[in-house]
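*Asks:* Single-letter residue listing:
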Amino acid sequence: MTAKIQLIGVKKRFGPKVVLDGVDLTIEKQSSLVIIGGSGTGKSVTIKSILGILRPDEGTILVDGEDITHIGGAARDKVMRKFGMLFQGGALFDSLPVWENVAFGLIQGRGVARAQARDIAIQKLAKVGLSEDVAFLSPAELSGGMQKRVGLARAIAADPEIIFFDEPTTGLDPIMADIINDLIISTVKDVGATALSITHDMVSARKISDKIAMLYGGKIIWQGPTGDIDHSGNPYVEQFIHGRAEGPIKMAVKA
Amino acid sequence: MMNFLASIGRAVLTVLAHVGRLAQFTGQALAGVVSPPIYTRLIISQMIRIGYFSLPVVGLTAFFTGGVLALQIYLGGNRFGAEAIVPQVVVLGITRELGPVIAGLMIAGRVAAAIAAEIGTMKVTEQIDALTTLATNPIKYLVVPRVVAAVICMPILTAIGDSIGVLGGYVVSVYNLDFNGTSYLKNTVDFAHQDDITSGLIKAAVFGFIVALMGCYNGFNSKGGAQGVGNATTNAVVASSILILAADYVLTALLFHK
Chain Z
0 MTAKIQLIGV
10 KKRFGPKVVL
20 DGVDLTIEKQ
30 SSLVIIGGSG
40 TGKSVTIKSI
50 LGILRPDEGT
60 ILVDGEDITH
70 IGGAARDKVM
80 RKFGMLFQGG
90 ALFDSLPVWE
100 NVAFGLIQGR
110 GVARAQARDI
120 AIQKLAKVGL
130 SEDVAFLSPA
140 ELSGGMQKRV
150 GLARAIAADP
160 EIIFFDEPTT
170 GLDPIMADII
180 NDLIISTVKD
190 VGATALSITH
200 DMVSARKISD
210 KIAMLYGGKI
220 IWQGPTGDID
230 HSGNPYVEQF
240 IHGRAEGPIK
250 MAVKA
Chain D
0 MMNFLASIGR
10 AVLTVLAHVG
20 RLAQFTGQAL
30 AGVVSPPIYT
40 RLIISQMIRI
50 GYFSLPVVGL
60 TAFFTGGVLA
70 LQIYLGGNRF
80 GAEAIVPQVV
90 VLGITRELGP
100 VIAGLMIAGR
110 VAAAIAAEIG
120 TMKVTEQIDA
130 LTTLATNPIK
140 YLVVPRVVAA
150 VICMPILTAI
160 GDSIGVLGGY
170 VVSVYNLDFN
180 GTSYLKNTVD
190 FAHQDDITSG
200 LIKAAVFGFI
210 VALMGCYNGF
220 NSKGGAQGVG
230 NATTNAVVAS
240 SILILAADYV
250 LTALLFHK
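Note that the protein sequences, when read in sequence, are chains Z and D. Numbering-wise (numbering that gives the first Met the number 0), the first sequence opens with residue 0 and increments by one. Numbering-wise (numbering that gives the first Met the number 0), the second sequence opens with residue 0 and increments by one.
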């Protein structure tokens with residue numbers, strides 16, 4: 000069986016700063032992988048490379064066995080229809096009402112009629128626990144937690160095969176964070192999707208993942224089933240999951 | 000010595016990198032104009048924002064420009080007994096030069112700044128990345144409608160500005176300088192050539208392209224939060240103003256080539 004997503008030796012540098020130094024990662028179909036790692040270790044760069052927002056300098060990215068590393072234009076748009084993404088800050092379009100945000104991928108990416116897309120948007124909003132009145136508000140009128148929910152509804156609107164979550168619980172109170180975690184689990188299962196998340200919230204990581212991989216120094220230094228994270232035997236992982244200031248990881252205070 | 004050479008080299012490389020990026024961006028924008036999908040809805044809403052809402056500022060500046068031109072030509076012409084030439088110089092100056100340039104500079108201040116601020120904010124809040132993940136090409140969705148709308152609207156704005164500018168000259172000449180209204184209009188109409196007007200409208204279309212492109216380019220390349228968006232806005236206005244004046248010279252030389 001081919002993996003849903005496979006990264007082989009992916010490297011990316013910005014000027015003299017090497018961010019990804021040969022990342023190898025395999026995500027199986029319908030599994031949920033969480034990448035953990037400190038701030039600035041290249042978690043976002045990994046996701047953006049898969050999405051084609053950044054071009055890796057070296058290495059190969061396969062989706063369903065198809066090499067998508069260097070494709071662009073219409074071929075890229077076609078591959079992007081497999082993806083949905085929840086952005087850290089929501090990244091909702093503030094010029095459009097909530098329902099058009101949710102329906103955006105359907106209307107623009109797939110040419111669904113507006114009236115039909117609006118009905119689908121309202122269904123998806125209900126799935127993340129938002130009522131129909133919210134659909135006609137502007138994103139600026141919503142609280143942070145509600146914006147995350149709308150972002151989640153937008154990510155699942157077109158029933159994607161793959162969903163990315165960028166720091167899904169950052170900036171939320173613990174209760175809202177847990178609600179979002181539950182929604183992630185239920186929505187991913189509902190559409191039978193493959194999920195890739197990046198986070199440094201260990202509570203969230205344990206809850207939403209089947210597998211965890213840790214990114215450090217531009218490489219995947221450990222990966223395994225979520226249950227094994229507490230006896231990884233890796234001093235870097237130990238330090239990270241227990242949040243200790245002392246250990247092999249030296250936080251770069253200066254960027 | 001080596002440091003000095005290195006810093007020159009760095010500056011040259013930075014300039015070349017900018018030129019390269021801008022050329023690539025322009026190419027992508029032009030390719031987007033001619034390939035589907037074309038977002039007609041967005042083009043119309045941008046035409047309203049760029050064109051319709053710029054009418055007051057373009058009209059007002061054109062009116063005063065025409066008026067002051069009449070006054071200056073009258074006072075200047077007076078020195079050698081040529082004050083009667085006011086209507087001819089006003090219509091020539093407005094249609095060939097001041098109409099498109101003043102409209103261009105006003106649009107640079109109003110529209111390039113607004114475009115750069117809007118797209119820059121979308122960039123730093125990851126809304127542009129979000130477009131990509133929703134299988135929508137950001138160049139086609141954001142840049143093409145603005146460029147097309149600006150290229151269509153600028154000649155229309157300029158044509159309206161030209162008329163109002165001539166009216167400004169007429170008002171000052173007739174009510175302040177005691178010209179005869181009928182002969183002022185007759186002189187204006189008799190003297191103006193088709194070429195004077197069309198050359199100005201061609202310039203206007205090019206200025207519209209410059210303004211929209213610089214707004215989008217600087218917005219797309221803004222980095223890091225509020226300050227980055229502020230810088231993008233400033234750069235968009237400064238760059239489009241300079242490019243408008245430079246392009247004006249080049250276009251004048253090309254259009255009136257003898």
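Because the hints were derived from the structure by calculation, they are not lab data. Predicted, not measured: the structure shown is a model, and the values here were computed from it. By construction, the Cβ of each residue, glycine as well, lies at the ideal position given by its N, Cα and C atoms. One should not assume that every hint holds.
Claimed, not checked - Beyond 12 Å from chain D on every Cβ pair, some chain Z residues (computed):
no.	residue
1	D20
2	L61
3	E131
4	G191
5	D209
6	I219
Stated by the list, open to error - Residues from chain Z shown here face chain D by an in silico Cβ test under 10 Å; the list is partial:
no.	residue
7	G39
8	D66
9	I70
10	F86
*Asks:* Decide, hint by hint, whether the structure agrees.
*Replies:* Hints versus structure:
1. D20: holds (23 Å)
2. L61: holds (18 Å)
3. E131: It holds; E131 of chain Z is separated from chain D by about 22 Å at its closest Cβ, greater than 12 Å.
4. G191: Answer for G191 of chain Z: holds, closest chain D Cβ roughly 19 Å.
5. D209: holds (23 Å)
6. I219: At about 23 Å from chain D, I219 of chain Z clears the 12 Å cut-off, so the statement holds.
7. G39: Since chain D brings no Cβ nearer than about 14 Å to G39 of chain Z, farther than 10 Å, the hint is violated.
8. D66: violated (19 Å)
9. I70: violated (13 Å)
10. F86: Hint holds; F86 of chain Z Cβ to chain D Cβ min 5 Å, cut 10 Å.
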